[in-house]
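There are 2 protein chains.
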Amino acid sequence: MERIIATYLIETPHDVEKAATVLAGEQSSGTFVAVPGETDELKTRFAARVEEIELLGDVSEPSMPGDDLGFSTYHRAKVKVSWSLENFGFNIPALVSTVQGNLYELRQFTGLKLDDLELPVSFSEHFEGPVFGMRGTKDLAGVGPERPMIGTIIKPSVGLTPEYTADLVKKLVEAGIDFIKDDELMTSTANSTFEVRLNKIMKVINAHADKTGKKVMYAFNITGDLDTMKANYEKVVKAGGTCAMVSINSVGWAGVKEVCSWGKLSIHGHRNGWGMINRHPLLGINFPAYNKLWRMAGVDQMHVNGIQNKFWESDDSVVRSIKSCHTPFLNNEAVLPVVSSGQWGEQAFETWRRTKTTDLLYMAGGGIMAHPSGPAGGVKALHQAWQAAVDGLTLEQAEKEFKEFGESVAKFG
Amino acid sequence: MERIIATYLIETPHDVEKAATVLAGEQSSGTFVAVPGETDELKTRFAARVEEIELLGDVSEPSMPGDDLGFSTYHRAKVKVSWSLENFGFNIPALVSTVQGNLYELRQFTGLKLDDLELPVSFSEHFEGPVFGMRGTKDLAGVGPERPMIGTIIKPSVGLTPEYTADLVKKLVEAGIDFIKDDELMTSTANSTFEVRLNKIMKVINAHADKTGKKVMYAFNITGDLDTMKANYEKVVKAGGTCAMVSINSVGWAGVKEVCSWGKLSIHGHRNGWGMINRHPLLGINFPAYNKLWRMAGVDQMHVNGIQNKFWESDDSVVRSIKSCHTPFLNNEAVLPVVSSGQWGEQAFETWRRTKTTDLLYMAGGGIMAHPSGPAGGVKALHQAWQAAVDGLTLEQAEKEFKEFGESVAKFG
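Chains as they are written, first to last, in the numbering used here: chain A, 1191 to 1603; chain B, 1191 to 1603.
FYI, nobody ran anything at the bench for these hints, they're computed from the structure. Hints are not guaranteed to be accurate.
Because identical chains cannot be distinguished in the list, a pair is counted as satisfied if it fits within a single copy or across any two copies.
Claimed, not checked - Under the rule of at most 27 Å between Cα atoms (straight-line distance), these lysine-lysine pairs were calculated in the DSS-like manner: (1) Lys1393 / Lys1428; (2) Lys1233 / Lys1360; (3) Lys1420 / Lys1454.
Starting from the given sequences, assemble the full structure and let the hints guide the process.
Take a look at the structure:
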C-alpha cells in the first residue's frame, strides 16, 4: 500500500528514536494508555512508521522558550515518518491533521517543524493541481520564458478612491507593466467597494488591450467568506479579468480549493500570516511542505518573499522557496513564484545569480511607485535590471548603461 | 466610525512606541517609502492607530531564536491597535489578514502574539454566531446545566472496523455516556468508510434513543474539502445524527463558516494544530482572539485542552480558554468548551475549583476505555468525580465513597 512521508526537524531532550516513536504513535493511536482493540494486525496496517533518523547535533538550551525542562542537552534531528494512504485516502485536510495536528503539543519535543511532504503518485488522479500554474499564468499575461513578469502593488494599501486607483493603473499599463495587484489589506473599503473599483480598473485594462493586444493581469483581492469570493470571482470573470487574489492562510485550505476549482482565473496565493507559522526555526512548517499543500488546492501563483527583503526571512529560505515552486510535483503544473517585499531592481542580480530563472512574477511596490521618473520609470528600471542581470552585466554596469535603473540606484540604493 | 481593536504582546529591541507605530503603518500603508496619493485625509480615515501601550519589562535575550540582533535589551509590552471598520467591512478573512498578516514578519519585533480582539456591535447584524452554541448543544444531548456532558473518543484513533466501533458505541451508550467522537485522525479509512461507520453507529444510537429517550451525541469527523464535508454532513443529518466534527485549522475559516451555515448539526470544533500557532509564548495567537474568530464562523463546541493535560499547555491557559468560551461576545451564544487530553476524573476537582462551571463537554479517552470495569465503569467514574467535585468533596473522600472512581484512582492515579 502506498505511503505518505513527512519530514520533520525536531528537538528533544529525550532519546531521539524514542521521541520519534511517540510522534508516530500520537498520530495513529493517540492515548496515554494501551486500550483494547489495538491489535497487532491493526497496528501493522495503520500505525505510522519512523522511516529515517538523521542526527543534527546537540544544543544546551531548548529552542522553545518557557520549555526548559531542566535537561542539559537537547538533541536535534531530521526525522522521516510515514503513514499508509489507507489512513485517510485523498483527503488533504485529514492529512494535514495527521502530519501536523497535535504533534506541536507534545511535551517530548522542544522544537518541531514540518519540513517536507512526499505524496504517492495516486494523488494525481484525485487532484488536478493548478489549472494555469506558472506557464499558463505567464501565457495569460503574454510574457514569454525569456523574462519575468513585472508587477506592482497598489499603494497606499487602503484609502485610495476607485478613480485614483484607475488613474494609477492607466499610468502603469501605459508604462508596460505585466501585472498589478490589490494590496492584501484591500478588499472592499468604504470609499472603494470591490465592484466599483473592479469596473473602473478593467475599463482601463480592456481599453489598453483593445489598443495594444496586451491584457495586463490584475489580481483583484476577493478574500472573504465563500459567498463573497464566489460573487466577486464571477464579477471579475464578467468584467474580463484574468486573475483573483486570495489570502490563503486567512481563507483556509477548503475555501481556497473551492475557489481554484472554478477554473476561469489564475489564482494569486498571498501567504500573509506566513511569519506566524514559519519564523521560528523549530516550530511550524517550512515552505516545501507548505507549498505542496497549496499546489494540491490548485493555487497558480505563490508568494515567496524576495532576496534582501524588508522582512526577517533569509535569502536562503527565499531561494529554496523559488526552487520549490518549480520542482515537479505529481502531475502538477509548476507554480509561479511571486517575488516581492522591498524590491526595486537591485535584487534582480542576486535573484538571477542564485536561481537562474526568469519564470517569476517580480514585484515592486514603492520601487515602482516612488521612482523619480514616476511609475513608468519604475517599470522600465525593473525591465532593465532583469535584462542586465540575464545578460551578465554587473549592477554598476547596468547603472551606467540604463538611465531609469540608474535613477533607481540613486534613490533606493 | 466604529473601530476594531487588536491587543498584542510584543517584544522589540527598539523604542516600543516607534515599533508600535511601524506595526500600525505596515497594516494600513505598507511600503518602505512614502508614495504619492497618501494624503493626510486618507491617513486620518484609514490609518491604524496605536491606542494604548503597557510596558511589561525588559529581557536580555530575544525570545525568537536566530533573531539576536546584537542588542543588549529587548522590551516587552502589551499594545492595543485599532482600525476603522471602513478598512474592510464585515469580512473576517480580510480582518485576519489585517490584524495578523505580515505583522509576524517585521524585523522590528523579536516576538509578536495576537492576544485578543474587540469587534464593534455592528458585527452582530452580519454574523449569527453559533446556531446551537453551549446551551443548544447541551439541550440536543439532553444534559441540563447541573452537570457537564460526559464524552469520549473512539480509540485507537484509526484502524477499527465499523462493526467493532459500533459495538464500542453500544457499550458506551448503555453506560450512560452523553457524547462520543471520532478521533481527529479518523475520517474515512480503507476498512471503515465514513458512510458504513456512520450507519452502523447511528443504528445503535437511534435504537438506544427509541428505547430510553436519550439520543447520545456522536461527532462524526466530516473534515475534508467542501464537497466531502457537504456530502458527509447530509449523510449525518439523514441518519438522524446531531453533530459533526471539523478540524478547524486544517479546513480553514471560510470552509468552517460554510459548514456552520448549514445549521442542522452542532459543530464540534477540533483545534488540532493549535500548538503550532500558540506554543511559543511570543509568537502566534492566544485563545481569546482565536476563539472569537471561530465564534464568528459559527462553531458550537471548541476544544480547550484540559487541566493537567498530557500536552505542554499550562493550566492557566486552559482556565483562560474555558472562561473565554463563556464570555459574552456580541450577540453570540456561548461556545461549549471541550475539555480533553489525559482526563480521567481526577481533574474534575481542579477544573471545578478554578472555573466553577459545569457547562463543559468533559472528555476522557483512555480514562474511560481502559477503566478496570470497562467503559461502563469509566463513564460512571467520571459522573461520580464531577458530582463529588460540585458537592465539595475532596478527591480522597470521593475515592472512598464511589467504587468506580476509586478504581480509576487505583489505575490512573
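Structure-based check of each hint:
When the C-alpha separation of Lys1393 and Lys1428 is checked against a cutoff of 27 Å, the pair qualifies only within one copy, where the shortest distance is 12 Å, while the shortest distance between copies is 49 Å. In this assembly of identical chains, the alpha carbons of Lys1233 and Lys1360 lie at most 27 Å apart only when taken from different copies (24 Å versus 63 Å within one copy). Both within a single protomer and between protomers do Lys1420 and Lys1454 lie at most 27 Å apart by alpha-carbon distance, with minima of 12 Å and 23 Å respectively.
Every hint from the earlier list agrees with this structure, and none is contradicted.
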